[in-house]
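There are 2 protein chains.
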Amino acid sequence: MARIIKVAAIQTAYDLNLDANIKKTAGFIREAAGQGAQVVLPSELFQGPYFCVTQEEHWFATAHPWREHPCVTALAPLAAELGIVLPISIYEREGPHYFNSVVMIDADGSPMGVYRKSHIPDGPGYQEKYYFRPGDTGFCVWDTRFGKVGVGICWDQWYPEAARAMALMGAEVLFYPTAIGSEPHDETLDTAAPWRRAMQGHAVSNVIPVVGANRTGFEPWAGYPGGGQRFYGSSFIADHRGDLVAEFGKDEEGVLAAEFDLDFLTTHRAAWGFFRDRRTDLYGALSGPRPA
Amino acid sequence: MARIIKVAAIQTAYDLNLDANIKKTAGFIREAAGQGAQVVLPSELFQGPYFCVTQEEHWFATAHPWREHPCVTALAPLAAELGIVLPISIYEREGPHYFNSVVMIDADGSPMGVYRKSHIPDGPGYQEKYYFRPGDTGFCVWDTRFGKVGVGICWDQWYPEAARAMALMGAEVLFYPTAIGSEPHDETLDTAAPWRRAMQGHAVSNVIPVVGANRTGFEPWAGYPGGGQRFYGSSFIADHRGDLVAEFGKDEEGVLAAEFDLDFLTTHRAAWGFFRDRRTDLYGALSGPRPA
Numbered sequence: 034m035a036r037i038i039k040v041a042a043i044q045t046a047y048d049l050n051l052d053a054n055i056k057k058t059a060g061f062i063r064e065a066a067g068q069g070a071q072v073v074l075p076s077e078l079f080q081g082p083y084f085c086v087t088q089e090e091h092w093f094a095t096a097h098p099w100r101e102h103p104c105v106t107a108l109a110p111l112a113a114e115l116g117i118v119l120p121i122s123i124y125e126r127e128g129p130h131y132f133n134s135v136v137m138i139d140a141d142g143s144p145m146g147v148y149r150k151s152h153i154p155d156g157p158g159y160q161e162k163y164y165f166r167p168g169d170t171g172f173c174v175w176d177t178r179f180g181k182v183g184v185g186i187c188w189d190q191w192y193p194e195a196a197r198a199m200a201l202m203g204a205e206v207l208f209y210p211t212a213i214g215s216e217p218h219d220e221t222l223d224t225a226a227p228w229r230r231a232m233q234g235h236a237v238s239n240v241i242p243v244v245g246a247n248r249t250g251f252e253p254w255a256g257y258p259g260g261g262q263r264f265y266g267s268s269f270i271a272d273h274r275g276d277l278v279a280e281f282g283k284d285e286e287g288v289l290a291a292e293f294d295l296d297f298l299t300t301h302r303a304a305w306g307f308f309r310d311r312r313t314d315l316y317g318a319l320s321g322p323r324p325a
Numbered sequence: 034m035a036r037i038i039k040v041a042a043i044q045t046a047y048d049l050n051l052d053a054n055i056k057k058t059a060g061f062i063r064e065a066a067g068q069g070a071q072v073v074l075p076s077e078l079f080q081g082p083y084f085c086v087t088q089e090e091h092w093f094a095t096a097h098p099w100r101e102h103p104c105v106t107a108l109a110p111l112a113a114e115l116g117i118v119l120p121i122s123i124y125e126r127e128g129p130h131y132f133n134s135v136v137m138i139d140a141d142g143s144p145m146g147v148y149r150k151s152h153i154p155d156g157p158g159y160q161e162k163y164y165f166r167p168g169d170t171g172f173c174v175w176d177t178r179f180g181k182v183g184v185g186i187c188w189d190q191w192y193p194e195a196a197r198a199m200a201l202m203g204a205e206v207l208f209y210p211t212a213i214g215s216e217p218h219d220e221t222l223d224t225a226a227p228w229r230r231a232m233q234g235h236a237v238s239n240v241i242p243v244v245g246a247n248r249t250g251f252e253p254w255a256g257y258p259g260g261g262q263r264f265y266g267s268s269f270i271a272d273h274r275g276d277l278v279a280e281f282g283k284d285e286e287g288v289l290a291a292e293f294d295l296d297f298l299t300t301h302r303a304a305w306g307f308f309r310d311r312r313t314d315l316y317g318a319l320s321g322p323r324p325a
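Going line by line, the protein sequences match chains P and C.
Heads up, the first sequence is in my numbering, so the first residue is 34 and it goes up one at a time.
Heads up, the second sequence is in my numbering, so the first residue is 34 and it goes up one at a time.
Take these hints with a grain of salt, some might be off.
Every beta carbon over 10 angstroms from chain P, so not counted as near; a handful from chain C, in silico [stated by the list, open to error]:
| # | residue |
| --- | --- |
| 1 | 68 |
| 2 | 163 |
| 3 | 198 |
| 4 | 313 |
Examples of chain C residues lying across from chain P (beta carbon under 7 angstroms, computed) [claimed, not checked]:
| # | residue |
| --- | --- |
| 5 | 126 |
| 6 | 237 |
| 7 | 253 |
| 8 | 315 |
Covered stretches of chain P, going by a simulated chain C footprint (3 or more residues, C-beta under 8 angstroms) [claimed, not checked]:
| # | segment |
| --- | --- |
| 9 | 75-82 |
| 10 | 143-153 |
| 11 | 159-173 |
| 12 | 181-193 |
| 13 | 197-210 |
| 14 | 290-299 |
These are calculated hints, taken from the structure and not from any lab test.
Glycine is no exception: its CB is placed at the ideal position from the N, C-alpha and C atoms.
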């Protein structure tokens, strides 16, 4: 019997109300499960607004140890109830360390562990180096009830190294929770198309489906250029060729879902030959210092 | 004064007549130079038909030491005459070794060296492992009169590792001569879109323009499924966002050209921050054995 996996992405807007954000996310998770989805991806840091637009000390107080994070304690039981896998993006505190993390919940509601975002961006509107220590878990692939899945977090999605590493670890689908939108320093800069293209490239080069869930909506910030940040949605599910088999526009809220045949993909990936022909003897420069 | 580079790709069909193929290519090179192009990319192995569709011993006799290859001896003087850089794709013989190579000719007609294709494909219609030893040069970036350029060859283009390695070596534009088209074992399989997407992904992830030159036309092979192989053209020039700034359809012949501001790109690449935030401590798996 073929291993078919149905995956889903949630695209929605969030605000300051944690409980309302969790409730909204839970509603879309139920909707996705109702459509038969087995792995459901909410977007990045759905606990509140994307607070990294500025540097303000009080946001550190919204981080929690991952087992106690309110998004985890609220949604892990839902995963068990629905029998689905949930990658839950949180602001994590571990002692004096603060991470941008994903807690992986298996379909029985049990936590499989935590992945901490490896690549931390920094730029106007995305002050993440102030809030997050670069992840110390390395890339993670989770052997869930429905297949082996890799999860990167937002900025990780621009790195072919992260996608490749997860594919080498056996990932059969890649998931990327995201929060990206307008650029306050340059209102002409729209990164939605390159954002998708980087991940479509991972899909092709690794012969693997990719799921990207981004937030949408306008989040007001007093004194901020344009009065706040607009997130551009454009969530998608790409197949192993990079074809978009499901996608949202910039402003829609809802659920995307798509099915993949993991056994077909395993054989088809082999037939493409990319992994057969890798020249590991030539890739040392990627993990070493810049070559002379 | 800004460093502006104008690059071009040639898309055309070839046949068994070496002299005619060189003449045809030279004509398009002149046309590109007439448009102001400074680096002009012909497609892969334009010395003849794409002979790798089958395994036939006599094709080994069409390889030559790179300094003596007829494509090099004919076109290097043209590079000097026009004052342009030419990456010349050839079937190379070095003693008992046979490579799929690019000879890099600088704008004064002098050879800068040879790059030997690192990744060698193998599959129905693309029997390259029979004809070519995997390259032993490593990836190469050439400090030409007009900028630092990296050249990969066909199958190399699907590998994010190759693009990243060249970018780390200082490449400012990536070039990929190609010969790709129909798949004799599956006439429904059209790889043109993924072919572009893999390279558009490299453009985004490295904030670098990418030039892909593919052959077009139908090449008859007796006894072959469908009577021969149809090459799908679709040559393109992508900017640093992966946007296609110039492109051909599947059947056109001619020249594509586009200009890029290398100084703008250097600064803009830095501002994106991808290279700032790379986690070389986590990329060891890419060059090592498959992780457990």
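Hints, one by one, checked against the model:
1. The beta carbon of residue 68(C) is kept farther than 10 angstroms from every beta carbon of chain P, the shortest such distance being approximately 27 angstroms.
2. Every C-beta of chain P lies more than 10 angstroms from that of residue 163(C), the closest at about 14 angstroms, which supports listing it as non-interface.
3. With 10 angstroms as the threshold on Cβ separation, the claim that residue 198(C) sits away from chain P is violated: the shortest Cβ distance comes to roughly 5 angstroms.
4. In this structure residue 313(C) is not separated from chain P by more than 10 angstroms, as the shortest Cβ-Cβ distance comes to only about 5 angstroms.
5. The interface hint given for residue 126(C) is broken, as the beta carbon of that residue sits about 21 angstroms from the closest beta carbon of chain P, more than 7 angstroms.
6. For residue 237(C), the interface hint holds, the least distance from its beta-carbon to any beta-carbon of chain P being 4 angstroms, beneath 7 angstroms.
7. Given the 7 angstroms rule on beta carbons, the hint for residue 253(C) is violated: about 26 angstroms separates it from the nearest Cβ of chain P.
8. Here the hint on residue 315(C) is kept, as its CB sits about 5 angstroms from the closest CB of chain P, short of 7 angstroms.
9. Counting residues of the segment 75-82 of chain P whose beta carbon lies closer than 8 angstroms to any beta carbon of chain C gives 0, which falls short of the minimum of three for the stated coverage.
10. Proximity of the segment 143-153 of chain P to chain C, defined as three or more residues with a beta carbon under 8 angstroms from a beta carbon of that chain, is established by the 3 residues found.
11. Under a criterion of three residues with beta carbons nearer than 8 angstroms to beta carbons of chain C, the stated coverage of the segment 159-173 of chain P is upheld, 3 such residues being counted.
12. Figure legend: the segment 181-193 of chain P, annotated as covered by chain C; annotation consistent (4 residues with Cβ-Cβ distances under 8 angstroms, at least 3 required).
13. For the segment 197-210 of chain P, the stated coverage by chain C is satisfied: 4 residues place a CB nearer than 8 angstroms to a CB of that chain, which reaches the threshold of 3.
14. For the segment 290-299 of chain P, the proposed coverage by chain C is not satisfied: 0 residues have a C-beta within less than 8 angstroms of a C-beta in that chain, short of the threshold of three.
In terms of the numbered hints stated before, the structure departs from hints 3, 4, 5, 7, 9 and 14, listed from lowest to highest.
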